[in-house]
Each structure stands twice: as C-alpha cells, then as structure tokens.
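Trainee: What follows is each chain in one-letter form.
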Amino acid sequence: SAVISQKPSRDICQRGTSLTIQCQVDSQVTMMFWYRQQPGQSLTLIATANQGSEATYESGFVIDKFPISRPNLTFSTLTVSNMSPEDSSIYLCSVYPPSDLLPPYNEQFFGPGTRLTVL
Amino acid sequence: GQQVMQIPQYQHVQEGEDFTTYCNSSTTLSNIQWYKQRPGGHPVFLIQLVKSGEVKKQKRLTFQFGEAKKNSSLHITATQTTDVGTYFCAGPGNYGQNFVFGPGTRLSVLP
Numbered sequence: 002s003a004v005i006s007q008k009p010s011r012d013i014c015q016r017g018t019s020l021t022i023q024c025q026v027d028s029q030v031t032m033m034f035w036y037r038q039q040p041g042q043s044l045t046l047i048a049t050a051n052q053g054s055e056a057t058y059e060s061g062f063v064i065d066k067f068p069i070s071r072p073n074l075t076f077s078t079l080t081v082s083n084m085s086p087e088d089s090s091i092y093l094c095s096v097y098p099p100s101d102l103l104p105p106y107n108e109q110f111f112g113p114g115t116r117l118t119v120l
Numbered sequence: 040g041q042q043v044m045q046i047p048q049y050q051h052v053q054e055g056e057d058f059t060t061y062c063n064s065s066t067t068l069s070n071i072q073w074y075k076q077r078p079g080g081h082p083v084f085l086i087q088l089v090k091s092g093e094v095k096k097q098k099r100l101t102f103q104f105g106e107a108k109k110n111s112s113l114h115i116t117a118t119q120t121t122d123v124g125t126y127f128c129a130g131p132g133n134y135g136q137n138f139v140f141g142p143g144t145r146l147s148v149l150p
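Chain order of the listed sequences is G and D.
So for the first sequence, the numbering used here puts the first residue at 2; every next one is plus one.
So for the second sequence, the numbering used here puts the first residue at 40; every next one is plus one.
In short, the hints are calculated from the structure, not lab data.
One or more hints might be untrue.
Chain G is nowhere near these chain D residues, computed Cβ spacing over 12 angstroms in every case [what the hints assert, rightly or not]: (1) 47; (2) 54; (3) 107; (4) 116.
Pairwise CB distance ranges, derived in the manner of DEER restraints [to be verified]: (5) G/65 / D/149: 44 to 52 angstroms; (6) D/49 / G/27: 29 to 37 angstroms; (7) G/52 / D/55: 46 to 54 angstroms; (8) G/68 / D/114: 21 to 29 angstroms; (9) D/98 / G/118: 34 to 42 angstroms; (10) G/4 / D/98: 18 to 26 angstroms; (11) D/51 / G/18: 19 to 27 angstroms; (12) D/116 / G/18: 43 to 51 angstroms; (13) D/42 / G/87: 18 to 26 angstroms.
A few chain D residues that face chain G, going by a derived Cβ cut-off under 8 angstroms, partial list only [to be verified]: (14) 72; (15) 81; (16) 82; (17) 84; (18) 87; (19) 127; (20) 136; (21) 137; (22) 138; (23) 140; (24) 141; (25) 142; (26) 143.
Nothing here was measured: the structure is a model prediction, and the numbers come from that model.
The beta carbon of each residue, even a glycine, is placed where N, CA and C say it ideally should be.
Isolated chain G (complex conformation):
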C-alpha cells in the first residue's frame, strides 16, 4: 500500500496568482498522477509524473498552465498558474502500489486532495 499526504489541504486564491500543491508518498513509486475533480464531477487526469523525465500531459492540459516537478521517487508538485475561477477544483495526486512496476496495474491510492477556490 501507499500513504499519501498533500499540502495545502485547501486554499482560497486570487485570480492571476499561482499555487503550488505538494504530494508526498511514504514509499518510492515510479509514477505519480495528478487529477482534477471539478465540483460534482468525475476525475480528470492532468498529467503523469515520472522521476527523471518530463511529465506527460493529457489533452487539454499544458505545461505552462500546470507545471509539474518530480525531484525524487516520493515527492511531486503541481503548480496551477495564472489562476482563474474556472480552476476552482479539487486536485488529487495518486500512485500505484510500490510493487506495481509494469501493467496490469492494481489499485490506485489517492491523496486526500487539495480544495482550491479561486476568487
């Protein structure tokens, strides 16, 4: 299993500013995922972060808006840049179990999420 913590748990920000969200895992993992969940909606994958390489972004998400760092195997950050009210969402990071190195993958473990409100 994996235990994930996220900081901050919530924040209220002004439009035009940026917020960096941290994700810490209690064990080394290969891939870390960043999701966005808008109010009342499902989870949408923003990007996959692998240590030592550039993050892979999904369609509709770009690095300039959501830069990601992955400095080591237990930590990642997601920055939401130049925020607008449309960025108000819950941002979640997730990982597979440390033992899952290749597909088929088993369960994903999710962090508690960061609830972002942009005014």
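Starting from the known structure of chain G, arrange chain D on it as the hints suggest.
Mentor: Quick look at chain D alone, frame taken from chain G:
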C-alpha cells in the same frame, strides 16, 4: 480516447433497498476497477475485475464483468447509510499507464 459511461447519474434509495450502477465501454477492456468516494473524501479502491464474466463479492457488494468485457456492474444489497457516496468505474487509458474514470453514480440513502 478511451471512455467509460455510467448509469444512472444519481440514485436515491430507501435504506434497505438494493442499488445497482452500470458501467459501459464502446471497446473491450482488459480490466476494470471500481472506486467509492464518500462526500468530502477521496476515491478509495474497491475492486478490480480482469476475467470475462467474472463475479466478485465483498459482503453486500457484488461486482460483475461482462462476458464481452465491455460492461460491468456494481450491486449493493440492502443499502445502509454508510453506502452513501459516489461510485466510479475506471478502465485502462490508451497507453495502459493510467485509468480513465467514468462519470460516477451518486448514491443517496434515506434512513
């Protein structure tokens, strides 16, 4: 890209009634996962189905994977207020590294 659909979007039941949510894909899925998200919480893994026609049970929850591996269902017998939440199915993404989540079914249980 890969998409999975779920019905219904919402379901309100009286405590003790049964509940079923259905997940459908236009393409064959190698596997499918189910998650539960309580209000204010994060998604929690329930189960993964891999084999065609597979049926798995967890206490009052029964999970099925269709013979063609294009659909799946989650059935809850005799719902309880602790079952309240949103149930998501998730199928593998195009490159097999991630899972694509369905829109979810939000379950309300009236005491």
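Trainee: With reference to the structure, classify each hint as holding or not holding.
Mentor: Do the hints match the structure? See the list:
no.	hint	verdict
1	47	holds, 14 angstroms
2	54	holds, 23 angstroms
3	107	holds, 18 angstroms
4	116	holds, 23 angstroms
5	G/65 / D/149: 44 to 52 angstroms	holds, 47 angstroms
6	D/49 / G/27: 29 to 37 angstroms	holds, 36 angstroms
7	G/52 / D/55: 46 to 54 angstroms	holds, 49 angstroms
8	G/68 / D/114: 21 to 29 angstroms	violated, 43 angstroms
9	D/98 / G/118: 34 to 42 angstroms	holds, 37 angstroms
10	G/4 / D/98: 18 to 26 angstroms	holds, 25 angstroms
11	D/51 / G/18: 19 to 27 angstroms	violated, 40 angstroms
12	D/116 / G/18: 43 to 51 angstroms	holds, 49 angstroms
13	D/42 / G/87: 18 to 26 angstroms	holds, 23 angstroms
14	72	holds, 7 angstroms
15	81	holds, 4 angstroms
16	82	holds, 5 angstroms
17	84	holds, 3 angstroms
18	87	holds, 6 angstroms
19	127	holds, 6 angstroms
20	136	holds, 6 angstroms
21	137	holds, 6 angstroms
22	138	holds, 7 angstroms
23	140	holds, 4 angstroms
24	141	holds, 7 angstroms
25	142	holds, 5 angstroms
26	143	holds, 5 angstroms
When each numbered hint is compared with the structure, violations occur for hints 8 and 11.
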